[in-house]
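*Asks:* Chains as they are written, first to last, in the numbering used here: chain A, 1 to 110; chain B, 1 to 112.
Treat the hints with caution; some may be incorrect.
Lysine to aspartate or glutamate pairs mimicking DMTMM-like chemistry, simulated, CA-CA at most 20 Å apart [said to hold, decoys possible]:
1. B:K52 x B:D30
2. A:K79 x A:D39
3. A:K45 x A:E5
4. A:K42 x B:D30
5. A:K45 x B:E44
6. B:K62 x B:E44
7. A:K45 x B:D63
8. A:K45 x B:D30
9. A:K42 x B:E100
10. A:K79 x A:D57
11. A:K79 x B:E11
Ranges of calculated distance between the beta carbons of each label pair, as one might list FRET restraints [what the hints assert, rightly or not]:
12. B:Q80 x A:S107: 31 to 41 Å
13. B:E100 x A:G58: 12 to 22 Å
14. B:R85 x A:A29: 39 to 49 Å
15. A:G9 x B:R85: 24 to 34 Å
Non-contacting residues of chain A with respect to chain B, defined by C-beta distances greater than 12 Å in every case (computed) [unchecked claim]:
16. V19
17. A29
18. S53
19. F60
20. D82
21. S83
22. G91
23. G101
24. I109
Quick caveat, the hints were computed from the structure, so don't treat them as lab data.
No residue lacks a Cβ here, since even glycine has one placed at the ideal position from N, Cα and C.
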Amino acid sequence: RKEVEQDPGPFNVPEGATVAFNCTYSNSASQSFFWYRQDCRKEPKLLMSVYSSGNEDGRFTAQLNRASQYISLLIRDSKLSDSATYLCVGGLTGNTPLVFGKGTRLSVIA
Amino acid sequence: DAGVIQSPRHEVTEMGQEVTLRCKPISGHDYLFWYRQTMMQGLELLVYFNNKAVMDDSGMPKDRFSAKMPNASFSTLKIQPSEPRDSAVYFCASSLAGPEQYFGPGTRLTVT
């Protein structure tokens with residue numbers, strides 16, 4: 001079983017829609033969580049960190065549920081430019097290696 | 001500011017040949033990571049360094065792969081001999097004090 005699992009999608013949504021991705025992790029000792037974004041044929045880039053209290057950055061909201069060991073990403077008012085693969089990432093502490101999920105592909109259509 | 005630099009960006013080689021991938025981390029970053037990404041496996045960590053020392057290479061097939069970091073601004077990942085199953089995108093990433101990693105543009109390797 002992979003340490004971090006995601007629905008690969010694709011999620012095809014119209015512009016303006018709200019879309020949510022979930023991700024589960026198996027290592028209960030994991031402390032750090034992130035969402036990375038990867039455009040087609042590009043490198044992954046950090047989208048946002050995920051805090052226990054939840055955090056919001058513009059149209060993006062990330063939440064962590066430690067009891068159920070899942071992380072979520074909510075995108076409101078989807079834009080065409082949000083089309084990408086979203087990677088769920090977990091890590092232990094500090095600079096220990098991050099574990100990446102395989103990603104969830106999102107296509108926002110006009 | 002220059003980000004993580006990788007070369008070459010594309011490499012096509014024949015099975016059995018030696019391949020060397022290069023990475024220059026962001027100046028001042030003391031962690032360097034090598035990843036391999038395929039459709040089937042996703043992003044897999046091969047090896048990582050802290051202050052030029054190998055911290056964990058358990059993800060790297062050691063019979064054919066080797067990684068070095070001779071100085072703080074340069075690292076190589078070598079595959080010898082290369083096999084078709086090594087075809088993938090290889091990313092180098094670096095980080096400083098926190099967990100946020102900055103990725104290079106990747107090297108797309110095709111082994112025929």
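*Asks:* Work down the list of hints and note, for each, if the structure agrees.
*Replies:* Against the structure, the hints come out as follows:
Between the alpha carbons of K52 (chain B) and D30 (chain B) the distance comes to roughly 8 Å, so the proposed pair stays at or under 20 Å and holds. At roughly 14 Å between alpha-carbon atoms, K79 (chain A) and D39 (chain A) fall within 20 Å of each other, so this suggested pair holds. Taking the CA atoms of K45 (chain A) and E5 (chain A), the gap is near 19 Å; set against the 20 Å cutoff, the hint holds. Distance hint between K42 (chain A) and D30 (chain B) is unfulfilled; the C-alpha atoms sit about 23 Å from each other, more than 20 Å.
Proposed proximity of K45 (chain A) and E44 (chain B) is supported: the alpha carbons are some 16 Å apart, at most 20 Å. A threshold of 20 Å between alpha carbons decides the hint, and for K62 (chain B) with E44 (chain B) the separation of about 15 Å falls inside it, so the pair holds. Pair hint K45 (chain A) plus D63 (chain B) does not hold up; C-alpha atoms about 31 Å apart against a cutoff of 20 Å. At roughly 19 Å between alpha-carbon atoms, K45 (chain A) and D30 (chain B) fall within 20 Å of each other, so this suggested pair holds.
For a cut-off of 20 Å, the pair hint linking K42 (chain A) to E100 (chain B) stands: about 17 Å separates their Cα positions. At roughly 15 Å between alpha-carbon atoms, K79 (chain A) and D57 (chain A) fall within 20 Å of each other, so this suggested pair holds. About 35 Å separates the Cα atoms of K79 (chain A) and E11 (chain B), which puts this hinted pair outside 20 Å; it is violated. For the pair Q80 (chain B) and S107 (chain A), the beta carbons lie near 40 Å from each other, so the given range of 31 to 41 Å is met.
Separated by about 19 Å at the C-beta atoms, E100 (chain B) and G58 (chain A) satisfy the suggested range of 12 to 22 Å. Restraint check, R85 (chain B) to A29 (chain A): a C-beta distance of roughly 32 Å breaks the suggested window 39 to 49 Å. The supplied range of 24 to 34 Å is met by G9 (chain A) and R85 (chain B), whose beta-carbon atoms lie about 26 Å from each other. Every Cβ of chain B is farther than 12 Å from the Cβ of V19 (chain A); the closest lies at roughly 21 Å, confirming the non-interface assignment.
With a least CB separation of 14 Å from chain B, A29 (chain A) remains clear of the 12 Å interface cut-off, as annotated. Consistency note on S53 (chain A): stated as away from chain B, and its beta-carbon is indeed over 12 Å from all of that chain's, at 18 Å minimum. At the 12 Å boundary, the C-beta of F60 (chain A) stays outside the reach of chain B, the nearest C-beta of that chain being 16 Å off. The beta carbon of D82 (chain A) sits about 19 Å from the closest Cβ of chain B, which is more than 12 Å, so the claim that it is off the interface holds.
At the 12 Å boundary, the C-beta of S83 (chain A) stays outside the reach of chain B, the nearest C-beta of that chain being 18 Å off. Not every C-beta of chain B lies more than 12 Å from that of G91 (chain A), the closest at about 5 Å, which undercuts listing it as non-interface. For G101 (chain A), the shortest C-beta to C-beta distance to chain B comes to about 7 Å, within the 12 Å cut-off, and the non-interface label is violated. A cut-off of 12 Å between C-beta atoms confirms that I109 (chain A) is not in contact with chain B; the least separation is 23 Å.
Hint violations for this structure: numbers 4, 7, 11, 14, 22 and 23, all remaining hints satisfied.
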